[in-house]
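Chains as they are written, first to last, in full-length UniProt numbering: chain A, 1 to 363; chain B, 1 to 363.
Don't take each hint at face value.
For identical chains, the list gives no copy identity; a pair is met inside one copy or between any two copies.
Calculated pairs, SDA-like style, for lysine to any residue (alpha carbon to alpha carbon, straight line, at most 20 Å) [as the list claims (entries may be wrong)]:
#, residue 1, residue 2
1, K223, E65
2, K23, Q4
3, K12, G89
4, K359, L274
5, K269, E159
6, K171, Q343
7, K23, E106
8, K313, E350
Don't read these hints as lab results, they were simulated from the structure.
Number of protein chains: 2
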Amino acid sequence: MSEQDPLWQAFKQTSYQASGHGKRNMQVLKDAFADIDGSLASDGYGTGKVIEDFQEKIAKFLGKETAVFFPSGTMAQQIALRIWCDEKGLKKVAYHPLCHLELHEEDGLKELHHIEPVLLADETRVIELEDVVGLEEEIACLLLELPQREIGGQLPDYETIVSISSYCREKGIKLHLDGARLFEIIPYYQKSAVEICELFDSVYVSFYKGIGGIAGAILAGDKEFTEQSKVWKRRHGGDLISLYPYIVSSDYYFDKRVSKMEQYYEEAKQLAALFNQCHSVKTMPVVPVSNMFHVHFDVGKEELEPILIEIYKETGVGLTSYLRETSESACSYEVSIGDQYEQVPKVRLETVFELLNEKLSTR
Amino acid sequence: MSEQDPLWQAFKQTSYQASGHGKRNMQVLKDAFADIDGSLASDGYGTGKVIEDFQEKIAKFLGKETAVFFPSGTMAQQIALRIWCDEKGLKKVAYHPLCHLELHEEDGLKELHHIEPVLLADETRVIELEDVVGLEEEIACLLLELPQREIGGQLPDYETIVSISSYCREKGIKLHLDGARLFEIIPYYQKSAVEICELFDSVYVSFYKGIGGIAGAILAGDKEFTEQSKVWKRRHGGDLISLYPYIVSSDYYFDKRVSKMEQYYEEAKQLAALFNQCHSVKTMPVVPVSNMFHVHFDVGKEELEPILIEIYKETGVGLTSYLRETSESACSYEVSIGDQYEQVPKVRLETVFELLNEKLSTR
Chain A
1 MSEQDPLWQA FKQTSYQASG HGKRNMQVLK DAFADIDGSL ASDGYGTGKV IEDFQEKIAK
61 FLGKETAVFF PSGTMAQQIA LRIWCDEKGL KKVAYHPLCH LELHEEDGLK ELHHIEPVLL
121 ADETRVIELE DVVGLEEEIA CLLLELPQRE IGGQLPDYET IVSISSYCRE KGIKLHLDGA
181 RLFEIIPYYQ KSAVEICELF DSVYVSFYKG IGGIAGAILA GDKEFTEQSK VWKRRHGGDL
241 ISLYPYIVSS DYYFDKRVSK MEQYYEEAKQ LAALFNQCHS VKTMPVVPVS NMFHVHFDVG
301 KEELEPILIE IYKETGVGLT SYLRETSESA CSYEVSIGDQ YEQVPKVRLE TVFELLNEKL
361 STR
Chain B
1 MSEQDPLWQA FKQTSYQASG HGKRNMQVLK DAFADIDGSL ASDGYGTGKV IEDFQEKIAK
61 FLGKETAVFF PSGTMAQQIA LRIWCDEKGL KKVAYHPLCH LELHEEDGLK ELHHIEPVLL
121 ADETRVIELE DVVGLEEEIA CLLLELPQRE IGGQLPDYET IVSISSYCRE KGIKLHLDGA
181 RLFEIIPYYQ KSAVEICELF DSVYVSFYKG IGGIAGAILA GDKEFTEQSK VWKRRHGGDL
241 ISLYPYIVSS DYYFDKRVSK MEQYYEEAKQ LAALFNQCHS VKTMPVVPVS NMFHVHFDVG
301 KEELEPILIE IYKETGVGLT SYLRETSESA CSYEVSIGDQ YEQVPKVRLE TVFELLNEKL
361 STR
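Produce the entire structure from the sequences given, and follow the hints as far as they go.
Put into structure tokens, the structure is as follows:
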């Protein structure tokens with residue numbers, strides 16, 4: 001995804017893009033602050049109207065007693081697990097092997113908190129009740145990521161979460177929701193955020209994925225839990241004198257997009273269907289359950305890149321700026337439907353897939 | 001300092017304030033972004049032009065090989081000490097008893113990094129060479145805070161730092177600079193930032209104290225050190241997808257104010273002299289060595305508050321929004337000279353001190 005990359009360059013020059021909310025440039029901040037009165041006071045080390053109002057608003061949306069704004073999910077989730085481990089006096093948690101904490105945090109959970117994870121399920125599927133029941137070790141907390149991003153955003157049935165939640169409560173295991181993409185799965189479950197979150201003891205949500213803000217996260221739970229999380233937030237160096245640049249923008253884009261998740265979900269299903277009609281392409285999941293899915297090509301990255309570049313140039317529509325090599329003869333990328341998809345003229349999109357299918361069938 | 005507080009209310013209503021850069025409201029961000037082109041790309045997890053350019057600029061200013069932007073000094077400093085402790089295989093550091101890590105970070109250094117501090121000097125003075133030479137325990141790192149904020153911003157002689165630095169190098173002790181207010185002490189030492197920083201192995205500077213930005217910090221040192229600090233930054237949850245709201249504003253206010261530190265310093269000496277002419281008032285230090293000092297009143301907070309409120313109302317000039325009770329018959333507050341001092345009409349300021357002296361002499 002470097003500036004020298006020809007696919008990235010070609011993508012950048014397209015008039016329409018089928019994924020995302022658009023460029024992550026500084027206009028994102030300028031738009032969010034355009035109508036903000038400059039005399040509004042900053043938050044100050046976690047206090048003040050701007051942070052307290054937003055925390056209350058999201059706590060209410062999630063059906064939790066209280067919520068705390070964090071600069072990042074990495075910080076919020078390590079802290080959630082630490083609190084539950086300390087409460088039980090047991091530094092062991094369980095999560096999926098492709099959990100964010102396992103892949104993307106340089107082992108912060110282990111290095112800073114000395115918490116040992118037990119890995120449940122595997123790289124082909126989500127965690128099921130049997131995995132939890134079958135646990136041979138005692139744990140303080142189970143983390144469920146909904147949807148499981150690294151496998152295309154797959155979800156367990158709602159009933160599965162209900163039964164996992166009951167089981168955990170019975171066994172004294174705390175259940176934590178990695179809801180980085182929680183807003184995005186509400187349309188699939190046809191449940192409110194409250195109905196999903198009430199199955200969990202603590203919930204993290206992000207404001208720069210489906211919501212498209214600049215950065216920032218909320219950690220929600222009961223007051224005793226969130227009060228402890230504030231102490232750990234200070235220890236981590238996350239209790240900044242001013243978090244308002246992230247809070248104001250999170251609030252702005254939350255209001256703008258939380259009601260569009262149903263649309264993104266429908267568009268994701270539409271786009272996935274177009275891919276699945278093409279030769280040598282399949283999506284994971286085949287039918288998306290949120291605004292996201294992964295596209296897998298049975299074509300090597302080297303071979304596919306010039307094909308995509310040609311299509312971008314011919315149609316003015318970009319599908320992706322990068323390809324991830326999964327083997328010598330296969331590659332993939334991730335789709336997150338956002339505001340840009342609706343702007344792609346349907347006729348152009350049809351041409352894209354006609355060309356793609358043709359080129360992949362005749363190579 | 002609550003909104004119900006009469007002193008805070010009276011201060012808020014004054015036309016001029018003798019301390020600070022002004023309100024920490026959202027205009028601070030809006031001003032910094034007013035001339036920013038919205039098409040400028042965000043940084044992305046520590047990479048990209050906006051973060052790399054600023055890191056390079058500050059590294060150069062400090063005379064260090066490399067620099068890393070952090071959301072907070074709390075995060076940056078714990079990480080610096082952790083790296084030096086790991087390098088030596090000894091989890092012990094030394095710092096002043098009123099160090100930020102000891103007072104304001106909920107023991108993050110101990111709770112997250114299991115590093116044990118040895119306290120040097122005491123609440124009346126800064127760390128001297130003898131304190132370091134007299135250390136009975138082996139340590140991995142010594143932290144010096146210049147100026148020592150909690151005692152009014154006192155400083156050791158430059159020669160003292162030189163000799164501490166030589167001693168530490170000889171003994172294999174890393175020397176870390178808590179330079180939260182480094183820019184502010186350059187005029188006193190009459191040394192460049194480079195000349196001060198070359199005495200230290202690692203340096204932290206802040207962008208929301210004298211510089212008056214929104215939040216953010218830089219940690220600087222050699223490349224091996226800063227590369228490790230990036231790994232820890234991710235572990236702490238500080239490697240945000242976008243830090244540009246803090247970077248752009250830090251850069252903007254750095255350019256605007258770094259050259260004004262000499263003026264703030266002169267004004268601090270001027271203002272301190274006015275206080276020291278008053279009955280029952282003295283400043284710490286008597287002659288400031290930066291833009292900051294503490295004002296100590298031999299008057300109880302309850303008695304002083306109505307006096308200050310009266311003066312604010314009569315002159316339209318505010319001195320402080322709060323008083324910290326130090327005993328039943330004494331209180332204090334902190335002055336940090338910023339852009340607001342120069343705007344206070346000299347005639348009004350003279351009246352303030354005439355009134356203050358009169359009221360304190362005749363009570």
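We went through each hint and held it up to the structure:
{"no.": "1", "hint": "K223 with E65", "in the structure": "within (6 Å within a copy, 45 Å between copies)"}
{"no.": "2", "hint": "K23 with Q4", "in the structure": "within (18 Å within a copy, 44 Å between copies)"}
{"no.": "3", "hint": "K12 with G89", "in the structure": "neither (51 Å within a copy, 48 Å between copies)"}
{"no.": "4", "hint": "K359 with L274", "in the structure": "within (15 Å within a copy, 82 Å between copies)"}
{"no.": "5", "hint": "K269 with E159", "in the structure": "neither (22 Å within a copy, 70 Å between copies)"}
{"no.": "6", "hint": "K171 with Q343", "in the structure": "neither (49 Å within a copy, 65 Å between copies)"}
{"no.": "7", "hint": "K23 with E106", "in the structure": "neither (27 Å within a copy, 38 Å between copies)"}
{"no.": "8", "hint": "K313 with E350", "in the structure": "within (15 Å within a copy, 72 Å between copies)"}
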